[in-house]
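Asker: Top line first, the protein sequences correspond to chains A and B. The numbering of the first sequence is this note's numbering, which starts it at 1 and goes up by one. The numbering of the second sequence is this note's numbering, which starts it at 1001 and goes up by one.
FYI, nobody ran anything at the bench for these hints, they're computed from the structure. Be aware that one or more of the hints could be misleading.
[Unchecked claim] Here are the in silico distance ranges between beta carbons for each label pair: (1) TYR1175(B) - ARG100(A): 29 to 35 Å; (2) GLU1180(B) - ARG57(A): 30 to 36 Å; (3) SER28(A) - TYR1175(B): 22 to 28 Å; (4) ARG1140(B) - LYS111(A): 24 to 30 Å; (5) GLY1167(B) - GLU98(A): 43 to 49 Å.
[Unchecked claim] Below, computed lysine-lysine pairings styled on DSBU-like, alpha-carbon distance capped at 35 Å: (6) LYS1153(B) - LYS1142(B); (7) LYS111(A) - LYS1093(B); (8) LYS111(A) - LYS72(A); (9) LYS111(A) - LYS1179(B); (10) LYS72(A) - LYS1142(B); (11) LYS111(A) - LYS1153(B).
Even glycine gets a Cβ: it sits at the ideal position worked out from N, Cα and C.
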Amino acid sequence: MSVVTPKTLRQQLVQSAVLDKIVTSGISIDTEPVRRSLQTIRRQVNRSPLMDRYIDRWDRIVRDNDIDGIRKIVESDDDTSREMRNLSPLSVLLSEDERRRVLTEFGTRFKAGTTR
Amino acid sequence: MNREELGRAIKAACANLDEPRVIVLGSQSILGSFDTDELPPATFLSREVDILPLSGITDPPSVEDKLLLLDARLGEDSPFHTAFGFYVEGIHKDVVVLPTNWDNRLVHFVVDDDASSLYGRTGLCLDPVDLCVAKTIAGREKDYEFVAALVAKQLVTAADIQARIAGGIDWPTTYTEDKERSLARAQSWLEYLSRSPVVQSDGSAATPTSPPTAGPDIAAAFLGHPRPIKQMLSRRTREPNSAGPEPADDGPAREVGPDLSR
Chain A
1 MSVVTPKTLR QQLVQSAVLD KIVTSGISID TEPVRRSLQT IRRQVNRSPL MDRYIDRWDR
61 IVRDNDIDGI RKIVESDDDT SREMRNLSPL SVLLSEDERR RVLTEFGTRF KAGTTR
Chain B
1001 MNREELGRAI KAACANLDEP RVIVLGSQSI LGSFDTDELP PATFLSREVD ILPLSGITDP
1061 PSVEDKLLLL DARLGEDSPF HTAFGFYVEG IHKDVVVLPT NWDNRLVHFV VDDDASSLYG
1121 RTGLCLDPVD LCVAKTIAGR EKDYEFVAAL VAKQLVTAAD IQARIAGGID WPTTYTEDKE
1181 RSLARAQSWL EYLSRSPVVQ SDGSAATPTS PPTAGPDIAA AFLGHPRPIK QMLSRRTREP
1241 NSAGPEPADD GPAREVGPDL SR
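Isolated chain A (complex conformation) (with noise of 0.2 Å):
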């Protein structure tokens, strides 16, 4: 589907700004919150085997410590990339303070009429 709804933007403008955090602050992303997310997210979504590709897809890259592989799914827009943005276990790197600040961007551009 090539249709970008606002939610589509928004996880797509948020993983944007986790990846400039990781990369301008070096820091990793095997982390202990990252892993407790990682273990929350496939514990709510359908066990199919769809969903385990995408959430081992999404294991073998915070254990790999994998930017590059971030990078690819925050600037592809294909099913499979908006699917793994929707199930990416890193917003929590954000703090509060800097998800608002996506959000403001995201409610600017969602005024502004760039989605609907």
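Chain A is fixed; fit chain B onto it per the hints.
Answerer: Okay, now just chain B, sitting in the frame of chain A:
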């Protein structure tokens, strides 16, 4: 997600929006019609509830601020999400494709609200067949999994969904894809689904994304004893947690975060 959590999401959304009713548009609207012990797990394992303020229908210009408010206070990675493990996704009606007259078939999920006798909190959930129409037309693999699981459990039938589509689609003005192609894809998949479901031991169904391989015995078993649509819709209004009292709404509804709408 379960009905208690759906009720909490509805109450929190109503409280933050200062509206008595919201529309539940996504997959979790199925909980308005069925309890989790009736549903295959594939249909209620979710991290989010898609909610549209009712004013999004009655007063469309106001909806954008309200959707942003839901994102900030109850949305993904919000304190509400952290506290309860699920979040509210504020969504615009125009991102969902539904059959004609969907709004006349909404299932009223009434949530007790001790805080106010003036506001009964009500989630207006999609009728299960309407929900399956939306999923089938969306046509992502996870959508097919959802519909196939409901059909395998005999809670809806492919024929019901096909008939609802044949009754007409309420296409959003912003829909950019080829409508005829979307309909043809949906009908083709439903034809295939009606012929070749593979019922799993847990009641879920393998998503038929490849040519049918199931034998006629499986197809015959699947097609037997369909649940009549009238029987299903006769349960349209259901109280959550009918087996016990509704827990107190102690969620951080109004307390969390600044009001971005001001």
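Asker: Could you run down the list of hints and mark each one as holding or not?
Answerer: These are the hints, each one checked on the structure:
1. Hint check: TYR1175(B) to ARG100(A), Cβ distance near 32 Å, so the stated range 29 to 35 Å holds.
2. At about 35 Å, the CB distance of GLU1180(B) to ARG57(A) agrees with the hint of 30 to 36 Å.
3. For SER28(A) paired with TYR1175(B), a C-beta distance near 43 Å fails the hint of 22 to 28 Å.
4. At about 27 Å, the CB distance of ARG1140(B) to LYS111(A) agrees with the hint of 24 to 30 Å.
5. About 47 Å separates the C-beta atoms of GLY1167(B) and GLU98(A), a value consistent with the hinted range of 43 to 49 Å.
6. At most 35 Å may separate the alpha-carbon atoms for a hinted pair to count; LYS1153(B) and LYS1142(B) meet this at roughly 17 Å.
7. For the hint linking LYS111(A) to LYS1093(B), the alpha-carbon distance of about 16 Å falls within 35 Å, and the restraint holds.
8. Annotation: proposed proximity of LYS111(A) to LYS72(A) holds, straight-line Cα distance about 27 Å (limit 35 Å).
9. For the proposed pair LYS111(A) and LYS1179(B), the alpha carbon gap of about 27 Å is at most 35 Å, so the pair holds.
10. Our distance criterion of 35 Å between C-alpha atoms is met by LYS72(A) and LYS1142(B), whose separation comes to about 22 Å.
11. For the proposed pair LYS111(A) and LYS1153(B), the alpha carbon gap of about 42 Å is over 35 Å, so the pair is violated.
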